[in-house]
Every structure is written in structure tokens, then in C-alpha cells.
Amino acid sequence: MEPIIEARNLMKSYKKRKSKEYIQAVNDISFTVNKGEILGLLGPNGAGKTTTIKMICGLLIPDAGTITINGMDNREKRLGALRHISAVLEGNRNLYWRLTVRENLEYFAGNRGASRKDVAHQIEVLLTSFHLKEKENELVNRLSRGMQQKLAIAVAMLADSDVILLDEPTLGLDVETGYEVRELLRTIVDEYNRTIIISSHDMNVIQELCDRTVIINDGRVIVDDKVENLMKLFEVRAYSITIGDALSEHQQKLLQQKFPDYTYVADSMQPIIQIHLTKSDEIYELFDMLKMGGTSVESIDRDTINFEQIFMKIVKGEKEYVLG
Numbered sequence: 001m002e003p004i005i006e007a008r009n010l011m012k013s014y015k016k017r018k019s020k021e022y023i024q025a026v027n028d029i030s031f032t033v034n035k036g037e038i039l040g041l042l043g044p045n046g047a048g049k050t051t052t053i054k055m056i057c058g059l060l061i062p063d064a065g066t067i068t069i070n071g072m073d074n075r076e077k078r079l080g081a082l083r084h085i086s087a088v089l090e091g092n093r094n095l096y097w098r099l100t101v102r103e104n105l106e107y108f109a110g111n112r113g114a115s116r117k118d119v120a121h122q123i124e125v126l127l128t129s130f131h132l133k134e135k136e137n138e139l140v141n142r143l144s145r146g147m148q149q150k151l152a153i154a155v156a157m158l159a160d161s162d163v164i165l166l167d168e169p170t171l172g173l174d175v176e177t178g179y180e181v182r183e184l185l186r187t188i189v190d191e192y193n194r195t196i197i198i199s200s201h202d203m204n205v206i207q208e209l210c211d212r213t214v215i216i217n218d219g220r221v222i223v224d225d226k227v228e229n230l231m232k233l234f235e236v237r238a239y240s241i242t243i244g245d246a247l248s249e250h251q252q253k254l255l256q257q258k259f260p261d262y263t264y265v266a267d268s269m270q271p272i273i274q275i276h277l278t279k280s281d282e283i284y285e286l287f288d289m290l291k292m293g294g295t296s297v298e299s300i301d302r303d304t305i306n307f308e309q310i311f312m313k314i315v316k317g318e319k320e321y322v323l324g
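Residue numbers (the UniProt record's numbering): 1 to 324.
The reader is advised that the hints may include incorrect statements.
What the hints assert, rightly or not - Taking lysine-lysine pairs in the DSS-like style, the calculated list, with each CA pair at most 30 Å apart, reads:
no.	residue 1	residue 2
1	K258	K291
2	K16	K35
3	K313	K279
4	K226	K316
5	K313	K258
Read the hints as simulated data drawn from the structure, not as lab findings.
Please construct the entire structure, taking both the sequences and the accompanying hints into account.
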């Protein structure tokens, strides 16, 4: 895939307040963002994620390294490069709260210097596409948070930029509105051919929307991979198996020898085997051993893992040998 953003060997440090010491916020970070993808940019607080975002948007200048946007260096050709990116940072702060929905769109569209005819058409399209038409004459400070967030994204769309960077796009939204915003972001990529970078603590957003994720910790990129690959890497092979008959002592001994991470719950009504397997095909070996002992399997429940759990495992250093 063709990259639209390339960050190479970024470095950024800050001087501590009332001290001569410096904090290395970003330490040799490199990654790319491909055209037409939704990239998740993640990291715990203080990891260097926000500093990286601000450097991409041109709000901070890196101490070293380069950022190119659509082939243009965002320092050497600053205005040209930054025309290709729009950002909605810190929720919905790119809005004027004492203006109406339509007035906000007209104001920001006017800043582009486009003709009235083109602006009017684009605003009508956005009002309809973002389901804001019924609220077009409502003051922003009277809108629900979900409506404000939709408007903030619509304003970012006015710039007609190739990349939209969203910081916490579903923060504070209820379940239904959060779903609507996620569907809206899919539409932006599929129908408007945009590229989206999402920074979020909502791992459901990352898991459902993002093609790939870059995870930053201690100022470095520790993971750059597809979400589906990370889900497979951290796949859980833990099972709770309800069996038809109690296990004999001999069966228990054999299972313990073969599967050290094994627990037998000898419930008189429904005996259960709880087991964590290291390989997927071991489940068939378990079934064969039970069958040979004359024990039937009534039901199988498999534990699952979500992306939030995966994120925490990565940040804590688990699977480092695989990811590194």
C-alpha cells in the first residue's frame, strides 16, 4: 500500500519545570500511515502519543527526524503538507459554541476561500450525510455531545484533506451515539476515500474500526501491526469443558501429566474440566483421552480476549519476544 504519512526517527524532549533536566518524550519513533486505511495510534498516558500527534499536525517541531505528508516535508513545505491533514483534537474544541450548526460550517468553509456556490452545496451534503439537517439552526452549546462530535468531524471534512486525525472521537458518548459515530467514520473512508488516524482509549473503537495499530510506550513504537494479527497472537486457548461423568483417579492423573495447567472441578451434577492449552491441536488430544476413558463431553466454553486486554498485555511487556 502507498503511504500518505511517513514519520522517520522522530525525537522530542521537554525541559522539566524549575530544573535543568530534560524529559525524552519521543525517542526515535518511525511509522507510516497508508492511503485509505484507519490507523489506531495508541499508548498509555505519558507514552509520547500526544507529542507525536502534535508533531504530525505541525503544532510541535521535532528535535530530529522528519514527517512527510503526501510526499511533502511538514517543516520544509509546511503549508503545502498541512493542507492534506485535518484534525479534531480534544473532542469537539474546533467548534464555536455560540454559533449554530450551519454558521459553524459556513464560517470554516469560508476560511478556505471557496466560492459561495461550492460552499453551499458542500454544506448541504454534510448536513444530510451527518444527520445534522434537523439541527442546522441550533446553537452548538445546546447540542448533545454526540451531535457536537458529528459536527466537529463535518468541519474537519470541509478542508477536503486526505487525512483526518481524530483524538478520542467517542469520548463521553452513549452506546448508541458511539455506534453512529463509528459507522460515520467507516463511511468517510469508504465513500469519501479518506485516511483516518484515531487516537483513543476506547479499545472497542480500535478493535472494530482500525485496520492497523501503532502502540507507543516510553517514547518508542513497541507494536506496529494489523489488529487481526494481534488478536491471533494473543489468542486465548482456555476452555471450560462440562463432562457427562466424573473422572476416575487414574484419568485425573493422566490428564495432569499431559496438561499441567489443568483443573478438575468434581461437581456431583456437572463435573467440569478447566484447562489452558499451549497449542490449538491439543484440544483433540484431550478429547481422545476422555473418549478412551469412556467420558462424554457435554459442552465446551472457550474464554475470549478483547483488544483492551491485548493492549494491557503489550504495554506490560508480554509477548515482547514476538513483537520486538
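Structure-based check of all given hints:
no. : hint          : verdict
1   : K258 <-> K291 : 15 Å, holds
2   : K16 <-> K35   : 38 Å, violated
3   : K313 <-> K279 : 19 Å, holds
4   : K226 <-> K316 : 19 Å, holds
5   : K313 <-> K258 : 27 Å, holds
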